[in-house]
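Let the hints inform the model, and build the full structure from the sequences given.
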Amino acid sequence: MSHTSPIHVYSEIGKLKKVCLHRPGKELENLMPDYLERLLFDDIPYLEAAQKEHDAFAEALRNEGVEVLYLEQLAAESLTSPEIRNQFIEEYLEEANIRGRQTKIAIRELLQGIEDNQELVEKTMAGVQKAELPEIPEEAKGLTDLVESDYPFAIDPMPNLYFTRDPFATIGSGVSLNHMYADTRNRETLYGKYIFTHHPIYGGKAPLVYNREETTRIEGGDELVLSKEVLAVGISQRTDAASIEKLLVNIFKQNLGFKKVLAFEFANNRKFMHLDTVFTMVDYDKFTIHPEIEGDLRVYSVTYENEQLAIKEEKGDLAELLAANLGVEKVELIRCGGGNHVAAAREQWNDGSNTLTIAPGVVVVYKRNTITNAILESKGLRLIKIEGSELVRGRGGPRCMSMPFEREDI
298 MSHTSPIHVY SEIGKLKKVC LHRPGKELEN LMPDYLERLL FDDIPYLEAA
348 QKEHDAFAEA LRNEGVEVLY LEQLAAESLT SPEIRNQFIE EYLEEANIRG
398 RQTKIAIREL LQGIEDNQEL VEKTMAGVQK AELPEIPEEA KGLTDLVESD
448 YPFAIDPMPN LYFTRDPFAT IGSGVSLNHM YADTRNRETL YGKYIFTHHP
498 IYGGKAPLVY NREETTRIEG GDELVLSKEV LAVGISQRTD AASIEKLLVN
548 IFKQNLGFKK VLAFEFANNR KFMHLDTVFT MVDYDKFTIH PEIEGDLRVY
598 SVTYENEQLA IKEEKGDLAE LLAANLGVEK VELIRCGGGN HVAAAREQWN
648 DGSNTLTIAP GVVVVYKRNT ITNAILESKG LRLIKIEGSE LVRGRGGPRC
698 MSMPFEREDI
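Position in the sequence shown (first residue = 1) + 297 = my numbering.
These are computed hints drawn from the structure, not numbers from a lab. Careful, some of the hints might be misleading.
As a list, the in silico EDC-like pairs of lysine to aspartate or glutamate whose alpha-carbon atoms are at most 20 Å apart [as the list claims (entries may be wrong)]:
1) Lys556 - Asp706
2) Lys525 - Glu419
3) Lys550 - Glu604
4) Lys627 - Glu602
5) Lys612 - Asp593
6) Lys323 - Asp352
7) Lys490 - Asp593
8) Lys557 - Glu602
9) Lys543 - Asp593
10) Lys401 - Glu432
11) Lys682 - Glu387
12) Lys427 - Glu391
13) Lys627 - Glu611
Right under this line is the structure:
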């Protein structure tokens, strides 16, 4: 099956050929101070500047020969017939947690009235303010319509979408269509569902190794492809151990070629929300790591024997463990912020450890993490530095903002 899949990602560092991004849209203008926590934001990015930064990111990738695909465009291209388009609208309405009956009818009309597919997709991402809907006459209001009157949205926006790494993840020739930690992000996986079911190129061709219908959570920021044989998965604030077991059984059963998974268990909190916010691979034998996780980190290796997962805790040195699993002589762990505790904490908060490797030793980083960047350069890496003053407000870096569809083998 794998040879027909348009998805091909067997490493974190092989030359990047195709990547999926989402250009931040009006969903960011639907962020409000009172509801930031509900939408997983700490701050409100300035949309126009965020788009400029994001366009520069995409351009930097194109300059390196990477083909850039956009999530909103792929989703629009997946609505290949009126039936599929209607089904998408209905499924979206179903999952949007709309409280009032009349409100739902009004939104359905609003969405069906948008003729252009990409405009429709972008509207579903942006959310719907009550102010956009026709006033419901008093006598038609149900109890929920009356009670819910203070909250300004009929449907919440999806401001986290520009972190395309999380709702689904590519692993080998397969796709993990994820079940997210927060309700506000669970709806984001709908676009992946339509792309990998109906898109003319990507629909129905890549085996699913996880499905959004699952009840336990997993996110792409916790899924790293270390080599053709080894995956790393984080057990984190956003990913359950139970999900990792389901994912692994599927990966092993579908023979995607992976032989072992290293499961990383680390402190469970907002600043380390995903494995890739504290640990990324930047070259054959080099990783960035946030020093604060090293003390409590536990690593388990998981293999599949006689139709069962075999799990054992790996004691000993992380660098040695990685070297042994990658078949290299030694691995160097490059500490975010160097040895300085303050710099490390500040730059990790601004995604200094969240790098996107686009070829061995060629890495996209935020320009602002000057200390970590200088250390990476001193190790011989070539850095492509992008501005991220607005993008970083969503707490995610270049790896979070990108989902590779195709990498060359190394």
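Query raised in the report: Of the hints given before, which are not true for this structure?
Result: Going through the list in order, the structure violates hints 2, 4, 7, 9 and 11 and respects the others.
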